[in-house]
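Colleague: Chains A and B are the protein sequences, given in the same order.
With numbering that gives the first Met the number 0 as the guide, the letters of the first sequence map in order to residues 0 to 137.
With numbering that gives the first Met the number 0 as the guide, the letters of the second sequence map in order to residues 0 to 137.
Hints are supplied without guarantee of correctness; some may be wrong.
Given that identical chains are not distinguished, each listed pair holds provided it fits within a single copy or across any two copies.
[What the hints assert, rightly or not] Distance condition first, Cα-Cα at most 25 Å in a straight line; then the derived SDA-like pairs of lysine to any residue:
#, residue 1, residue 2
1, 33, 137
2, 51, 134
3, 95, 31
4, 110, 6
5, 30, 40
6, 30, 41
7, 2, 107
8, 113, 94
9, 110, 89
10, 43, 6
11, 109, 14
12, 33, 99
In case anyone wonders, no lab produced these hints; they're calculated from the structure.
Protein chains: 2
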Amino acid sequence: MAKNKIENLEVGQYYEQEFVVTEEMGEEFAKISKDFNPIHLDEKAAAQTRFKKKIVHGMLMASYISGIIGNEFPGEGSVYMGQNLSFRGPVYYNNKVIVRVEVTEINLEKKRLKLSTTCRNENEELLILGDALVMLDN
Amino acid sequence: MAKNKIENLEVGQYYEQEFVVTEEMGEEFAKISKDFNPIHLDEKAAAQTRFKKKIVHGMLMASYISGIIGNEFPGEGSVYMGQNLSFRGPVYYNNKVIVRVEVTEINLEKKRLKLSTTCRNENEELLILGDALVMLDN
Chain A
0 MAKNKIENLE VGQYYEQEFV VTEEMGEEFA KISKDFNPIH LDEKAAAQTR
50 FKKKIVHGML MASYISGIIG NEFPGEGSVY MGQNLSFRGP VYYNNKVIVR
100 VEVTEINLEK KRLKLSTTCR NENEELLILG DALVMLDN
Chain B
0 MAKNKIENLE VGQYYEQEFV VTEEMGEEFA KISKDFNPIH LDEKAAAQTR
50 FKKKIVHGML MASYISGIIG NEFPGEGSVY MGQNLSFRGP VYYNNKVIVR
100 VEVTEINLEK KRLKLSTTCR NENEELLILG DALVMLDN
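Same shape as in the complex, but just chain A:
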């Protein structure tokens, strides 16, 4: 588990991690989240939608963002205050997704950080856009 002190962070600093979600992981996430929407699980039903294929639960990607913030960057001591998510494009199973968390604002007095949080595919297309508000009191 990483630990970054707010005094040592700079605007523009970032952390990136790649994820590939398999259909089995999607089924597991459906069980735990109780979200059995066929768009995530049923190829035939998904074929009838604008996305043509099954798509990964957006909140699974958001969970990866949350995991990076709490565990890696900034890591230990992060208190997650808020997260905005804009779902711009579908995340498909078995495709590589790059999650990036980047410092955009630092408030040393309030010990708060604003982080840009994005998910992109291999073609650099933006799939999820948003930002996180974190208090970093370590």
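Start from chain A and add chain B according to the hints.
Modeller: What follows is chain B alone, placed relative to chain A:
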């Protein structure tokens, strides 16, 4: 799976569902989300934090919100465009949490809905506050 047509929805209409997250569910969510932050999993580490006890992953609660939107209210045909989340208070294991999704704006022309999304505990304390943007094209 429920299906609500946008023409039949009204501002103020809502759906509520209760959830109780056990520690086992938290451990399962940690595995699938790769978020092993000790604040969710380690009683001793959590005791050192402002929350005093282990807390449920915020994104698990957000996943329940997402599940309600996609499956129940509005349900079938919902395209999840965005979600804002403000984490106001800790969700503790084995405590009842009431998730509420309420229609706050309807745009018939664009087929878009704004939904208020909240998580409260049994004492009516607001734990998670936010809103969702949904396209409902069914």
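Colleague: If you test the structure against every hint from before, which numbers come out violated?
Modeller: Checked against the structure, the hints that fail are numbers 8 and 10, while the rest are satisfied.
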